[in-house]
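A.B. asks: Protein chains in written order, with the numbering used here: chain A, 1 to 171; chain B, 172 to 342; chain C, 343 to 513.
Hints listed in this document are in silico derivations from the structure and should not be mistaken for laboratory results.
Where a beta carbon is used, it is the ideal one built from N, C-alpha and C, also for glycine.
Errors might be hidden in some of the hints.
Far from chain A by the CB rule (all over 12 Å, computed), these chain B residues [stated by the list, open to error]: (1) Phe219; (2) Arg252; (3) Gly253; (4) Arg255; (5) Glu259; (6) Ser304; (7) Leu324.
One-sided excerpt, in silico: chain B residues whose CB lies under 10 Å from chain C [claimed, not checked]: (8) Asn187; (9) Pro218; (10) Trp306.
Now the stretches of chain B that chain C is said to cover, found in silico as 3 or more residues with beta-carbon under 8 Å [what the hints assert, rightly or not]: (11) 231-245; (12) 268-280; (13) 328-341.
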Amino acid sequence: MDRPASELLDEREIRNVVLRYCRGIDRMDRELVRSCYHDDAVDVHGPFRGSVDDFLDWAWRQMSRHDRTFHFLGNMLIELRGDRAHVETYAIAHHFGEADDPARNLTLGFRYIDRFERRDVAGWRIAQRVLVSDWCETRDPALRWPIPDAYLLGTRGADDPLHESREWLEG
Amino acid sequence: MDRPASELLDEREIRNVVLRYCRGIDRMDRELVRSCYHDDAVDVHGPFRGSVDDFLDWAWRQMSRHDRTFHFLGNMLIELRGDRAHVETYAIAHHFGEADDPARNLTLGFRYIDRFERRDVAGWRIAQRVLVSDWCETRDPALRWPIPDAYLLGTRGADDPLHESREWLEG
Amino acid sequence: MDRPASELLDEREIRNVVLRYCRGIDRMDRELVRSCYHDDAVDVHGPFRGSVDDFLDWAWRQMSRHDRTFHFLGNMLIELRGDRAHVETYAIAHHFGEADDPARNLTLGFRYIDRFERRDVAGWRIAQRVLVSDWCETRDPALRWPIPDAYLLGTRGADDPLHESREWLEG
Numbered sequence: 001m002d003r004p005a006s007e008l009l010d011e012r013e014i015r016n017v018v019l020r021y022c023r024g025i026d027r028m029d030r031e032l033v034r035s036c037y038h039d040d041a042v043d044v045h046g047p048f049r050g051s052v053d054d055f056l057d058w059a060w061r062q063m064s065r066h067d068r069t070f071h072f073l074g075n076m077l078i079e080l081r082g083d084r085a086h087v088e089t090y091a092i093a094h095h096f097g098e099a100d101d102p103a104r105n106l107t108l109g110f111r112y113i114d115r116f117e118r119r120d121v122a123g124w125r126i127a128q129r130v131l132v133s134d135w136c137e138t139r140d141p142a143l144r145w146p147i148p149d150a151y152l153l154g155t156r157g158a159d160d161p162l163h164e165s166r167e168w169l170e171g
Numbered sequence: 172m173d174r175p176a177s178e179l180l181d182e183r184e185i186r187n188v189v190l191r192y193c194r195g196i197d198r199m200d201r202e203l204v205r206s207c208y209h210d211d212a213v214d215v216h217g218p219f220r221g222s223v224d225d226f227l228d229w230a231w232r233q234m235s236r237h238d239r240t241f242h243f244l245g246n247m248l249i250e251l252r253g254d255r256a257h258v259e260t261y262a263i264a265h266h267f268g269e270a271d272d273p274a275r276n277l278t279l280g281f282r283y284i285d286r287f288e289r290r291d292v293a294g295w296r297i298a299q300r301v302l303v304s305d306w307c308e309t310r311d312p313a314l315r316w317p318i319p320d321a322y323l324l325g326t327r328g329a330d331d332p333l334h335e336s337r338e339w340l341e342g
Numbered sequence: 343m344d345r346p347a348s349e350l351l352d353e354r355e356i357r358n359v360v361l362r363y364c365r366g367i368d369r370m371d372r373e374l375v376r377s378c379y380h381d382d383a384v385d386v387h388g389p390f391r392g393s394v395d396d397f398l399d400w401a402w403r404q405m406s407r408h409d410r411t412f413h414f415l416g417n418m419l420i421e422l423r424g425d426r427a428h429v430e431t432y433a434i435a436h437h438f439g440e441a442d443d444p445a446r447n448l449t450l451g452f453r454y455i456d457r458f459e460r461r462d463v464a465g466w467r468i469a470q471r472v473l474v475s476d477w478c479e480t481r482d483p484a485l486r487w488p489i490p491d492a493y494l495l496g497t498r499g500a501d502d503p504l505h506e507s508r509e510w511l512e513g
């Protein structure tokens, strides 16, 4: 394969890491989130700055304050140089918790500023992630609208419909 | 072409199906939506569960309650295994209707959980779609802001500016 | 490289132009925005209709009314025909300014309808862009939520953390 075409494969691998991170966070699959980072990766995430394993401890405590998160990704600009890539990803994270607590119902507009490295065995993973915040709002509790019972609901656990559906892939 | 590169083409085809579905819904182009599914496809969409043709009847009735929809897609994670693919797509659907009716002005956060199959002639299409709802809010009518007359407006019909612009492509 | 694979490279180049446009607007990097267009490009943007250079003058005046913008992209459907491509991109632009002025705090849902051309030297760039507006709302000032001091903030200038991080790429 020539170089430009192999770059497309690199970008696919990088893009999928960023996507799997969000799946892992929203479904609270800690192993999946962990697999997005190199072992010595650093995450700079507001008041937290440290190793990926400490970050996960911190993030899981943060997430326990919410009933649900929805990390919605937009623009992802990947710049590739050999075994390094710089990736900026726009995101809007919707947080939900007890309706009468505004701090548990925040909408955050931010960007993930990621340094990816390709290494032997591990492949493309995050070596450093910096979260850059652009805006924040709380949600208006008066606008909450109940999802009718007939609708299938997402969950954070093993009963999210995603998991059963993925088993078909291997079948 | 070797396998990894041909997988990129598979993913492009799959991605474009999901994108054309949204174009078809928002512009109310029923044929375009229909072409995203295999003939025997099943859609599980809240209270509706059934064949694609019945789904379209149901969906078109639902959409008649709104003046406009805007199906905005984020994270799309494609997992490919030969002639099968599992695709999770984050979406936020903005619905607009009479300002004083909250049920016609909903914002829905959800995921399309799709099973794609590649078949002869038809190529990659949806074999099964399940809608998983994550959150729902009504819109605050006090926040509506009129779009100034000088702006080109989107429509659901043949006069949406998209259609005229696409003719240039064939010219 | 065969034709389908080279189309993937075309689409990557096109996608990156649309992404760089948003980076350029949100970081107020006029050169970067300019580089997304051919020299004779036309932009139809609400009350503005004219050349790319006049558009930039107009857009920069518009943007001076805001403290921050966040151009969030979703669905991008690229249709390629040789040296031409038609590209529809869903976008939600979040504008922020003085909290008590609703006109400076608008959220716009719209689509970029782009005609791309590939030309010698310049490569793939926008030859014509039309903005199609779908919906607009002002933001509720009561929902503003302060970003804690510990968080790294985005800016429009050279001190946005993006810039320092990108230097690593060349290192």
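A.B. asks: Confirm or reject each hint.
C.D. replies: How the hints compare with the structure:
{"no.": "1", "hint": "Phe219", "verdict": "violated (8 Å)"}
{"no.": "2", "hint": "Arg252", "verdict": "violated (5 Å)"}
{"no.": "3", "hint": "Gly253", "verdict": "violated (10 Å)"}
{"no.": "4", "hint": "Arg255", "verdict": "violated (6 Å)"}
{"no.": "5", "hint": "Glu259", "verdict": "violated (6 Å)"}
{"no.": "6", "hint": "Ser304", "verdict": "violated (4 Å)"}
{"no.": "7", "hint": "Leu324", "verdict": "holds (23 Å)"}
{"no.": "8", "hint": "Asn187", "verdict": "holds (7 Å)"}
{"no.": "9", "hint": "Pro218", "verdict": "violated (26 Å)"}
{"no.": "10", "hint": "Trp306", "verdict": "violated (16 Å)"}
{"no.": "11", "hint": "231-245", "verdict": "holds (count 6)"}
{"no.": "12", "hint": "268-280", "verdict": "violated (count 0)"}
{"no.": "13", "hint": "328-341", "verdict": "holds (count 8)"}
Figure legend: structure checked against the earlier numbered hints; hints not met, in rising order: 1, 2, 3, 4, 5, 6, 9, 10 and 12.
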